[in-house]
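Asker: Sequence:
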Amino acid sequence: MVAIIGRPNVGKSSLFNRILSRRHAIVSEVAGTTRDRLIAQASWKGRPFLLVDTGGLEDDPDGHIPQRVQQQADMAMGAADVIVFLTDVIEGVTATDEAVAQRLRRTDKPILLAVNKVDNDNRELAAAEFFGLGLNDTAFISAYHNYGVYDLLERIVELLPRRELEWTPPMELSLSIVGRTNVGKSMLTNAIIGEERSIVSPVAGTTRDALDTAVSYRDHEITLVDTAGIRRPGQVQRGIEKYSVLRAVNAVHRSDITLLITDATELATAQDAHIAGLSWDTNRGLIVVVNKWDLVNRNRFRMERVLHRVRERLHFMRYVPVCFTSALTGEGIEEMLDTALSLWQERQKRVPYRDLQYLLADAVSTHTPPSQRGNIRNRLRIRRVRQVAVNPPTFVFSVNDPKLLHFSYQRYLENQIRDRFGFDRTHLRLIFRPERAEKSSRSGIRNRAR
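Taken in order, the sequence shown gives residues 1 to 450; the numbers are from UniProt numbering.
Calculated directly from the structure, the hints in this document are not laboratory data.
By construction, the Cβ of each residue, glycine as well, lies at the ideal position given by its N, Cα and C atoms.
Be aware that a few hints might be false.
Derived Cβ-Cβ restraints for the label pairs, each shown as a range [as the list claims (entries may be wrong)]: (1) F407 with N250: 28 to 36 Å; (2) T107 with R23: 38 to 46 Å; (3) S216 with N250: 19 to 27 Å.
Take these sequences, add in the hints, and give me the full structure.
Answerer: Here you go:
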């Protein structure tokens, strides 16, 4: 593990993104943009390692969030095998740099001093003052211009301890944790993991980046993605919050199942339905999690009212499972994870081709597709159906003309598949293709196989 530490606004997130070769961390000129530890897999010349971006270190952090940021940075330094101490040549050596250097000299871990923003000869001459910090390994770099970064990576790999690489099982399931601001997403993430992975604060908008964490549950490898709160589009401010929301939306796109966290004291708002729509539009699995369940007067009647309220608001996804949790007490978390695994297995289900043809024959004989304007020639004819993908389960119907399909008959066919094969809680994707296009698609597959 390699941790990047330093004062605010010295370019830690820029260096983090440069090494990863992608925009993973939010970069801004506003000091204190990064708060939580960002952890991502990186490699250099075949040597893999975990790279950690941290919040800016301060001499005397004032306030709850800055103090938590320092704790996150301390945790990163404690777990790191190599520490990259990043400084800024433009501002020169500051009192905070000297304090951090003094602290690092007392550790027995390898320390690399990286002087950032050295992108011309004058700045390279000015960077000589950083030798006064007493750290032997010093590199002059420019993360923005990609100057000296490769040499820095060479030195990092040399300092990494030589260990036998253990086999790590691939991630099976990705869960994105999304919702409005201040509904308890970060606290729920910490409760699942069992440590303070994300900073928790009553201040709305505390989480900014999307934080990936690998966990193992019941012999399944799961990636949890904690995200920033998503407010209504008109309330999202330009700058940091805008990029935070974009990363939250992207987390939904790259996950298998979305955990929509709602507040038991503010149930099923219009914004909750809007966020659920993100999952529905991208065919992701969805679980509605009613958090802060410990704050309400609970009884069976109350739970039924909550279920009715949620399903009424999410009328376009009445099949979604609903879980009740309390991140503060840990209540309901195991049931929530069990529900996620059960939903994941349901989304992996495959239906044999023969069973689908039997279902199609029964469905058409029970309810014949309606004809348009009473003309029997303008009636939809379904030739066959087959499943072509999982996660989500995807079914392709070969028809004479997709334009003759009425939405009510599509819903009827979807309900028939749900009832017959037990797709009770997942989104199904139904595709209707002209028979000619279906034949050409199959012949193309056969030609490629030859």
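Asker: Compare the structure with each hint and give your call.
Answerer: Here's how the hints hold up against the structure:
1. F407 with N250: 28 to 36 Å: For N250 against F407, whose Cβ atoms are near 30 Å apart, the range 28 to 36 Å holds.
2. T107 with R23: 38 to 46 Å: violated, 31 Å
3. S216 with N250: 19 to 27 Å: The hinted range 19 to 27 Å holds for S216 and N250, with Cβ atoms some 25 Å apart.
Hint compliance for this structure: hint 2 alone is broken.
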